[in-house]
Amino acid sequence: GNSVTQMEGPVTLSEEAFLTINCTYTATGYPSLFWYVQYPGEGLQLLLKATKADDKGSNKGFEATYRKETTSFHLEKGSVQVSDSAVYFCALSDAGTYKYIFGTGTRLKVLA
Amino acid sequence: KAGVTQTPRYLIKTRGQQVTLSCSPISGHRSVSWYQQTPGQGLQFLFEYFSETQRNKGNFPGRFSGRQFSNSRSEMNVSTLELGDSALYLCASSFDEPVQETQYFGPGTRLLVL
Chain A
1 GNSVTQMEGP
11 VTLSEEAFLT
21 INCTYTATGY
31 PSLFWYVQYP
41 GEGLQLLLKA
51 TKADDKGSNK
61 GFEATYRKET
71 TSFHLEKGSV
81 QVSDSAVYFC
91 ALSDAGTYKY
101 IFGTGTRLKV
111 LA
Chain B
1 KAGVTQTPRY
11 LIKTRGQQVT
21 LSCSPISGHR
31 SVSWYQQTPG
41 QGLQFLFEYF
51 SETQRNKGNF
61 PGRFSGRQFS
71 NSRSEMNVST
81 LELGDSALYL
91 CASSFDEPVQ
101 ETQYFGPGTR
111 LLVL
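Keeping their order, the protein sequence lines are chains A and B.
Residue 1 is where the first sequence starts when you use the numbering used here, and the numbers rise one by one after that.
Residue 1 is where the second sequence starts when you use the numbering used here, and the numbers rise one by one after that.
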């Protein structure tokens, strides 16, 4: 079945460091891919999305490119801030079963 | 435009009781989905409602049920609560089909079962 695999956390970085959070997926067809962020005590917020191969989603300095050949959608940011500390979820929308499938989440801690 | 709201935000119940959680979607959104979030299992899909009909369902026991009203507001009910039902319950709304549209999440209801 379809699935999303994210790198284990926590990821701890110093402020202004480069961030990569890996996400790979298995899916039949052509899913849309998403990154959501969850700040402490809150629900999930959409960070960015890509709906077809080679699309790049971007928002607030974060980027991710839909790579069909490697079935990946890695999240990157060139310079993280303390305020980026949160849990990041990779997800795909499965048009076959009409469901969202989420990864397990990766906690990011950014130290000043 | 107001976001997705969920009430109550926190709830403490004891085993065997039942609980009802409420979700008000963004104005104009017709689809409401419910998720259970736990540290061990992550985010798991419960069900989705559209125009007062359950359109999709996850793999949860029949103790978990829901409904949607004509104004798109949705409620989720859990009967005969078990300790393992302790979780953050998130609701998300979208204009139409969630897999085609962006989902917008509420802040969640944190349920603790003692």
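Calculated directly from the structure, the hints in this document are not laboratory data.
Bear in mind that the values here come from a model prediction, so they are computed numbers and not experimental data.
Be aware that a few hints might be false.
As the list claims (entries may be wrong) - Straight-line C-alpha distance at most 25 angstroms; calculated SDA-like pairs for lysine to any residue:
1. A:K99 to B:L114
2. A:K99 to B:S27
3. B:K57 to A:N2
4. A:K99 to B:F69
5. A:K99 to B:Y104
6. B:K57 to A:T28
7. A:K60 to B:N56
8. B:K57 to A:K60
9. A:K99 to B:Q41
10. A:K99 to B:I12
11. A:K49 to B:F69
12. A:K109 to B:L81
Here is how each hint holds up against the structure:
| no. | hint | in the structure |
| --- | --- | --- |
| 1 | A:K99 to B:L114 | violated, 31 angstroms |
| 2 | A:K99 to B:S27 | holds, 22 angstroms |
| 3 | B:K57 to A:N2 | holds, 16 angstroms |
| 4 | A:K99 to B:F69 | holds, 22 angstroms |
| 5 | A:K99 to B:Y104 | holds, 15 angstroms |
| 6 | B:K57 to A:T28 | holds, 20 angstroms |
| 7 | A:K60 to B:N56 | violated, 33 angstroms |
| 8 | B:K57 to A:K60 | violated, 34 angstroms |
| 9 | A:K99 to B:Q41 | holds, 17 angstroms |
| 10 | A:K99 to B:I12 | violated, 30 angstroms |
| 11 | A:K49 to B:F69 | violated, 30 angstroms |
| 12 | A:K109 to B:L81 | violated, 34 angstroms |
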